[in-house]
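Listed below, chain by chain, are the residues.
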Amino acid sequence: QQQVKQSPQSLIVQKGGISIINCAYENTAFDYFPWYQQFPGKGPALLIAIRPDVSEKKEGRFTISFNKSAKQFSLHIMDSQPGDSATYFCAAGSDRGSTLGRLYFGRGTQLTVWP
Amino acid sequence: NAGVTQTPKFQVLKTGQSMTLQCAQDMNHEYMSWYRQDPGMGLRLIHYSVGAGITDQGEVPNGYNVSRSTTEDFPLRLLSAAPSQTSVYFCASSYSFTSGQETQYFGPGTRLLVL
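Chains A and B, in that order, are what the protein sequence lines are.
Just so you know, we're using my numbering here: the first sequence kicks off at 1 and counts up by one.
Just so you know, we're using my numbering here: the second sequence kicks off at 1001 and counts up by one.
Derived by calculation from the structure, the hints in this document are not laboratory data.
Any given hint might turn out to be false.
[Stated by the list, open to error] For each label pair, taking beta carbons as the anchor points, the in silico distance ranges come out as:
{"hint": "1", "chain 1": "A", "residue 1": "Pro40", "chain 2": "B", "residue 2": "Ala1082", "range": "23 to 33 Å"}
{"hint": "2", "chain 1": "B", "residue 1": "Ser1096", "chain 2": "A", "residue 2": "Lys42", "range": "32 to 42 Å"}
{"hint": "3", "chain 1": "B", "residue 1": "Pro1075", "chain 2": "A", "residue 2": "Gln14", "range": "19 to 29 Å"}
[As the list claims (entries may be wrong)] Selected chain B positions facing chain A (Cβ under 10 Å, derived; list incomplete):
{"hint": "4", "residue": "Leu1043"}
{"hint": "5", "residue": "Gly1053"}
{"hint": "6", "residue": "Asp1073"}
Beta carbons are placed, not taken as given, at the ideal position from N, Cα and C, and that holds for glycine.
Build out the structure end to end from the sequences listed, making use of the hints.
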């Protein structure tokens, strides 16, 4: 059973537009929700992360929106740039219980930003 | 700091051969993980460790062994390579899973082809 479901699988956005990627999770024990960015031939790197005590976190052009009751969270990229073209992964984890030490990843979204 | 290092970068194996993928980190991180990345499947956890001498299985452990004799090293062993193990393998580490210390740092990956 997939613990974290991510959509869309691919996304094409024009330069300056807003990119939105959505994720949903099942396990209510999760309390850490990061987004990772991966460029071709490289390992993933942390982009931004949120804990469920807040509903939104913003860092520059990147914003996470979190809906605890719906068990959903999303990444918004404002003013998308060609340099944002990459694969984005959402993930979920917890610092306690049976999920301690594990991050569950979505299947990824390949974002292409056209100039 | 070198961060997370992985060797080799590329490897070609014949079915039935065994090999060890090396992973090392110099950040004194307690948590280390191995993932495999396949097209359309995201990052799937193979094995992970929450400290020296402690390892546990992830989502896809079959055909792989790990050990953690030191904090720095977390090798992944393929016992008898199969074509289904053709993938890109990433090692990752984090200080802990508590708030503010949970960022996972990924290595550059090992690309494995099993013929």
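Fill in: Residue hint Gly1053(B), partner chain A, criterion CB-CB below 10 Å
14 Å, violated
Worksheet item: Do the numbers back the hint for Asp1073(B), that is, is its least Cβ distance to chain A under 10 Å?
Response: Not OK, violated: Asp1073(B) not within 10 Å of chain A, min 17 Å.
Worksheet item: Does the Cβ pair Pro1075(B), Gln14(A) satisfy 19 to 29 Å?
Response: Distance hint for Pro1075(B), Gln14(A) is violated at roughly 45 Å.
Discussion item. Hint Leu1043(B) vs chain A: min CB-CB distance below 10 Å?
Written reply: 4 Å, holds
Discussion item. Given the hint of 32 to 42 Å, is the C-beta distance from Ser1096(B) to Lys42(A) inside that range or not?
Written reply: Roughly 25 Å apart at Cβ, these two residues miss the hinted range, so it is violated.
Worksheet entry | Supplied distance hint 23 to 33 Å, evaluated on CB atoms of Pro40(A) and Ala1082(B) | 26 Å, holds
Going through the hint list in order, the structure does not satisfy hints 2, 3, 5, 6.
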